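> Sequence lines, in order, name chains W and G.
Numbering of the first sequence is given in the working numbering, commencing with residue 1 and proceeding in unit increments.
Numbering of the second sequence is given in the working numbering, commencing with residue 1001 and proceeding in unit increments.
FYI, nobody ran anything at the bench for these hints, they're computed from the structure.
Predicted model only: the values in this text are computed from it and were never measured.
Treat the hints with care, as some may be off.
Covered stretches of chain G (in silico footprint by chain W; criterion: 3 or more residues with CB under 8 Å from a CB of chain W, positions within the stretch not fixed) [as the list claims (entries may be wrong)]: (1) 1144-1153; (2) 1277-1285.
Which chain G residues stay away from chain W? Per the calculated CB distances, all over 12 Å, these [claimed, not checked]: (3) 1026; (4) 1031; (5) 1057; (6) 1110; (7) 1122; (8) 1132; (9) 1193; (10) 1204; (11) 1220.
Yeah, the Cβ is synthetic: ideal placement off N, Cα and C, and Gly gets one too.
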Amino acid sequence: MLQYLLRRAGQALVVLVGAAILVFALIHLVPGDPVRVALGTRFDPEAYEALRRASGLDLPLHEQLVRYLSRAAVGDLGVSFRSSQSVFELLMERLPATISLGGAALVVGLLIAFPLGILSAIRRGSAIDHVARIGSQVGISVPDFWLAILFILLFAGALRILPPSGYVPLSEDPLEWLRHVIMPALTVGLISGSIMTRFIRSSTLEANDQDFARTARAKGLHESTVLRDHVLRNAMVPIITVAGIQLASLLAGVIVVEVVFAWPGLGRLTYDAVLARDYPVIQGAVLLVAAIFLFANLIVDALYAIIDPRIRVR
Amino acid sequence: MTSASPVEPMERSLEAQEPPEEGTRWALLAAIFESPVTVLAVVIIAIVLFMAVAGELVAPYGANEINVMNQLQPPNLTHLFGTDELGRDVFSRVIIAARVSVQVSLVSVALALVMGVSIGLLSGYFGRWVDIVGMRSMDVIFSFPVMLLALAIVAMLGPGLVPAMIAIGVVYTPYFARITRASVLSVREETYIRAARSIGASDARILRLHVLPNVMAPIIVQTSLSLAFAILTEAALSFLGLGVQPPQPSWGRMLFDGRGFITEAWWMAVFPGLAIFLTVLALNLIGDAMRDALDPRQRSAIEARAGNL
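The whole structure should be built from the sequences, with the hints applied where relevant.
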């Protein structure tokens, strides 16, 4: 078990270092001089030299790489070209907004996916099954920014019951936070829920088809007992995977939705940094998100190993 | 780090439909067109392709025909989808903008296909360090969410049509690489490959004539699904103002412009979005129909997207 997890962690670490090298390369692949580009019209030779030295861009390439990796390892991601603020601090400021939106969206997604996925599996071919299948096909095809705009038209425009955009921290005013989070969480949650519905449906069907389910029925167990103790329990492994991957990608920032709703999370920060050509911030955000993504995957792997002993030996 | 992999096998036993009868391509086509929904999807894509090729000829107005006197008209008989803030006809712009979506998705998916299939073929066929280097680098690209990586690439290259194509192409490369590699691994040990090798065929020849044709089915299915995701990604980039630049009309950019007039002119945002939605939906439906016919064991559009919102 421990060995399995260590091996997984080792692989994740290799990928993370690769990601860091790629992120480091980002700034050097910018055509021309990134500092010059970033300064744009505010260019003056003194500021230019200062910024270059501060970001270490005057050192030889291999020294820069070593410097970048060793600093990133302890959370030092450099300073913003724009505000001279520490990139790490900037990211940490934005993280709570992203986590609260990601969490709310996951709740919405699971609330849709669990009942719909299980019902459509046990009533295969019924009306609810068709609704679930059409719904999930629609859900993966709808552009999130369009869905967001439709919600704004409906809830903020026609019905006037929700604010069109903005953010209030959960710790400040939970009720106002809720009013602001409903639309973005619905947008992201509906899409993520339609993906999860499909997974839950097929893993429930799969478990329902197995010999152990037939045996349980044959020995006369009540259908609800069969479902609860035999089918759903076994369907859990793939469901946890997909929920974990979904959570990871929600935390990784739903850039477009954050932009539409002026939600000050990581996605919005990244977008603003791209517009401002603030390369250290872009690098930091990309690296943090990759780390979150890999870490979440690792947690999913660990959960797996706990739930399903067969996986440990593989 | 493919945590999704343990989920795949269940689709096999469950939704696996009978493959079409041995032999003809006609049987395959018949299987794909069996469902009326798929036929409808093909009709939608045919319309989109027609708009992309002949948009200017059939659109009632020009894409940038400005008529400020006529601005922000709600949908009516002369302007089916209304007019925008400059009095341009939204219906005509939606038609003409199809070209950009088709262009970007075709070019970027072709890019992803060539890069991904090459990496997957070499990794799967040669194994050892080629495999390790190839697949680990794909893992790295895979560890970034699609939109974020696309955004980072556009930040590097600057906004525009070509950077968007490159960004989308790079982002979807690992999908092709992984699918190709997995199929190559199962084909590699087949007798006909050993036979080819034993009569002295070169690796290049074996790859081209024996491996590639036998791993095509999943690649074709992935292509159709990737076209759908590429259109979504392009629209999102253009919506953020980082893809196609004005005056060239694009669905994403029209939505971006419409967002500013959301309370006065709902039609500016609703119709371009509907065009994106229907095109992507049609491509996903066709992809799933092809999967059922060609390669029932492969993941559906929905599962292919599990990790990437």
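> Taking the earlier hints as the rules, which of them does this structure contradict?
8
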